[in-house]
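Protein sequences, first through last, are from chains A and B.
Residues 1 to 134 (the UniProt record's numbering) are what the first sequence spells out, left to right.
Residues 1 to 237 (the UniProt record's numbering) are what the second sequence spells out, left to right.
It is worth saying that the hints were derived from the structure and are not from the lab.
Just so you know, not all the hints are guaranteed correct.
Listing some non-contacts, in silico: residues in chain B with all C-beta distances to chain A over 10 Å [claimed, not checked]: (1) Trp27; (2) Ala30; (3) Val42; (4) Gln81; (5) Thr144; (6) Arg174; (7) Glu179; (8) Tyr192; (9) Gln194; (10) Gln207; (11) His220; (12) Arg227; (13) Gly233.
Just the calculated beta-carbon pair ranges, DEER-fashion [to be verified]: (14) B/Tyr228 / A/Gly30: 23 to 31 Å; (15) A/Gly101 / B/His203: 36 to 44 Å; (16) A/Pro80 / B/Glu197: 14 to 22 Å; (17) A/Pro21 / B/Ala36: 37 to 45 Å; (18) B/His203 / A/Ala7: 30 to 38 Å; (19) A/Leu112 / B/Glu138: 36 to 44 Å; (20) B/Ala58 / A/Ala7: 42 to 50 Å; (21) B/Tyr228 / A/Ala20: 44 to 52 Å.
Stretch-level coverage of chain B by chain A, calculated; a stretch enters the list once three of its residues show a Cβ under 8 Å from a Cβ in chain A [to be verified]: (22) 105-119; (23) 149-156; (24) 183-189.
Just so you know, even glycine gets a beta-carbon here, dropped at the ideal spot from N, CA and C.
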Amino acid sequence: MRALLSAYAGSRVSFAEPGAPVPLPSAAAGELAAAVGAALDNVRRHARGPSGEEAQAWILLEDEPDAVVVTVRDDGPGIPPGRLEDAEAEGRMGVALSIRGRLRDLGGSAELLSVPGQGTEVELRVPKDDQHNR
Amino acid sequence: MTSTTGESGAGSGGAVRVMVVDDHPMWRDAVARDLAEAGFDVVATAGDGPQAVRRARAVEPDVLVLDLNLPGLPGVEVCRQLVGSGPGGGPTGPRVLVLSASGEHADVLEAVKSGATGYLVKSASTQELLEAVRRTAEGDPVFTPGLAGLVLGEYRRLAGDPAPRRPDEPGAPRLTERETEVLRLVAKGLSYKQIAERLVISHRTVQNHVQNTLGKLQLHNRVELVRYAIERGLDDA
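Isolated chain B, as found in the complex (with noise of 0.2 Å):
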């Protein structure tokens, strides 16, 4: 990973705030300098989960880059952590964008629903990086056909779990039609211009489909992981 590009990272106002967390020394300072040649400001870094939670907790980097394999907490876990922890649920905390050896598709599943907006494979290209924390930032999820895949097969699995065990509890959220099909375009590899061509639909209207996609599956996460307080007892902590 080097670039010699002189592009800009930042946005209109000032640059975009980057942290970088993997545990490996070579592999984090090669990323941490492609992002500061490429105008990102990198304003800190981190080698374990503990790390990486109290760090950012100081720092409030505008974007995590995390990778999953992390001593002394989970990328999943720092991920928790981190984003949307609010009682609102709103976007509070970074936005994460989770860069993976391939392999660990479980864990980028759990990331995402943890409140992850993007996933890369670390085989990705340095311009492929950049783009990733540049779109990361602006709140654009990063959605590779590798994820679309993973998130498709989520739903279908929801769609498979048996029916909610009280009649007033929430059921498992459903793609729609457009939503599936904006998905399985994704996975095929077609660029949001080519899907917006192909359904005759406009690239904002792409972007949105597919941001609902990660919207609900993160909301349905939530309220699981609160029932599930509630059922142990741990709402009143």
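Here chain A stands alone, though its shape is the one from the complex (with noise of 0.2 Å):
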């Protein structure tokens, strides 16, 4: 996981991670990089300052003994309560249905978060299976 994640590290993105390989089969790195470069999309695309400049991001790997979690970071305004339900109602949930979807097909989760004046988090949980996994 951690050379795929390193990829999307930049000036505006900043990349955290434990120091040692995290092991994931080759399809589910494969989906979860991708929910998480989708994420990176979403920030690129709605987060903004006050004055219009790209937000930051922050991406966190962690190996946890039964999941690998990665969180997705913004400094934007964040998300006003009501707007995601808004969008949902009006269809227009394509980047967070892409990210719900591919972690359910990997028998994870995925948790929206948004602090006021604090950005927007997005929590990619993807449980290690002891039996085929390892």
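Starting from the two chains in their separate frames, assemble the complex, guided by the hints.
Rendered as structure tokens:
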């Protein structure tokens, strides 16, 4: 996972990782990386500072005993309450659906957290399957 | 790295005394010049490991800005020899700010376990460097998101280690839930101020939590080194 995600790092994207390999089966790793890419696209497209500058983003990769967790945070204005529900009602949920869908296919989950003044976080969690995936 | 700001880098009493260690002369000179222009007192520079150890012992700087990739003696070893080497394990020697190329993660973690209290990538801006040296001089760990991620990873690895071989042996250090929470927020790029707001604790408490996570790792590292020495019969040298 480290190699896949470090490719996203740049001047606007910081990448924090545990300092040791984080193995996932290649199909799952690819899907998870694609979900992270979709989340970053979303940041680029929607999260802007007050004067229109692109938001900064942070990726955190964690290797928990039972799951691999990737969090993507941005320092944009955050998502106003009700906005996601509105978008869903209008059928404009492309990005959220593609992220959620990818994670669901992996048996994982995607959680969105938006704190006023502290940007938006998307936490992607992929469980480790002891039987097959080690 | 150029700087034209004349901001004062000195604390209330006298300028902070800094030593710059890097094997690339142009880089070393640029960092030294930026620090001097910002009001720091650059008391020495060094271009290899053994030279760094000798000169640091001679001039006793407050802060050592240390590249890890050094000829002669690795930066991690320089750090180990200079920081907290006293038997009390207190903050003897200079405070160390590691300045490293990206991708040297294992080395950065080793340096931090050996007593370095800050880590900055070489792509950082001059302003970030000056701020980091200032904070290091004050004893405030310079915790970038990258370092927080590494420290979190190290604790998770320690948690997965087998139990101590003897019952009287201290186990590996653990993070409290709150410390884990704080480290994760640092790793996700939140400032101490934002973390304090989110967790409804004081800025000082955030700093204390961060400091403790480093302190426990460094203490564990010293205990491990002592045990290793005893096992090898090196303790009464």
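Comparing the hints with the structure gives:
1. Once the 10 Å rule is applied to beta carbons, B/Trp27 is consistent with being away from chain A; the minimum gap is 20 Å.
2. Its beta-carbon lying about 20 Å from the closest one in chain A, B/Ala30 satisfies the requirement of being farther than 10 Å from that chain.
3. Interface exclusion of B/Val42 from chain A stands, the closest Cβ pair being 28 Å apart, more than 10 Å.
4. Remark: the non-interface label on B/Gln81 is consistent with the geometry, its nearest Cβ contact in chain A lying 23 Å away (cut-off 10 Å).
5. Its closest Cβ contact with chain A, about 8 Å, brings B/Thr144 to no more than 10 Å, contrary to its assignment away from the interface.
6. No beta-carbon of chain A comes within 10 Å of the beta-carbon of B/Arg174; the shortest separation is about 14 Å.
7. Non-interface status of B/Glu179 relative to chain A is upheld: no Cβ of that chain comes within 10 Å, the nearest being about 15 Å off.
8. The Cβ of B/Tyr192 lies farther than 10 Å from every Cβ of chain A, with a closest approach of about 13 Å, so its non-interface assignment holds.
9. Not every Cβ of chain A is farther than 10 Å from the Cβ of B/Gln194; the closest lies at roughly 5 Å, contradicting the non-interface assignment.
10. The Cβ of B/Gln207 sits about 19 Å from the closest Cβ of chain A, beyond the 10 Å cut-off, so the non-interface label holds.
11. With a least beta-carbon separation of about 16 Å from chain A, B/His220 lies farther than 10 Å from that chain, consistent with its non-interface assignment.
12. Interface exclusion of B/Arg227 from chain A stands, the closest Cβ pair being 23 Å apart, more than 10 Å.
13. With a least CB separation of 32 Å from chain A, B/Gly233 remains clear of the 10 Å interface cut-off, as annotated.
14. Distance hint check for B/Tyr228 and A/Gly30: the Cβ-Cβ separation is about 42 Å, which falls outside the suggested range of 23 to 31 Å.
15. In this structure, A/Gly101 and B/His203 meet the distance hint of 36 to 44 Å, their C-beta atoms being roughly 40 Å apart.
16. At roughly 19 Å, the beta-carbon separation of A/Pro80 and B/Glu197 lies within the given 14 to 22 Å, and the hint holds.
17. Between A/Pro21 and B/Ala36 the Cβ separation comes to about 42 Å, which falls inside the hinted range of 37 to 45 Å.
18. One distance hint, 30 to 38 Å for the beta-carbon pair B/His203 and A/Ala7, holds here, with the actual separation near 35 Å.
19. The hinted range of 36 to 44 Å is satisfied by A/Leu112 and B/Glu138, whose Cβ atoms lie roughly 37 Å apart.
20. For B/Ala58 and A/Ala7, the Cβ-Cβ distance of about 45 Å falls inside the hinted range of 42 to 50 Å, so the restraint holds.
21. A hinted range of 44 to 52 Å for the beta carbons of B/Tyr228 and A/Ala20 is inconsistent with their spacing of about 21 Å.
22. Counting residues of the region 105-119 of chain B whose C-beta sits closer than 8 Å to any C-beta of chain A gives 4, which meets the bar of three, so the coverage hint holds.
23. Using a Cβ-Cβ cut-off of 8 Å, 6 residues of the region 149-156 of chain B lie near chain A, which meets the minimum of three, so the contact claim holds.
24. Using a Cβ-Cβ cut-off of 8 Å, 4 residues of the region 183-189 of chain B lie near chain A, which meets the minimum of three, so the contact claim holds.
Checked against the numbered hints above, the structure breaks hints 5, 9, 14 and 21 and satisfies the rest.
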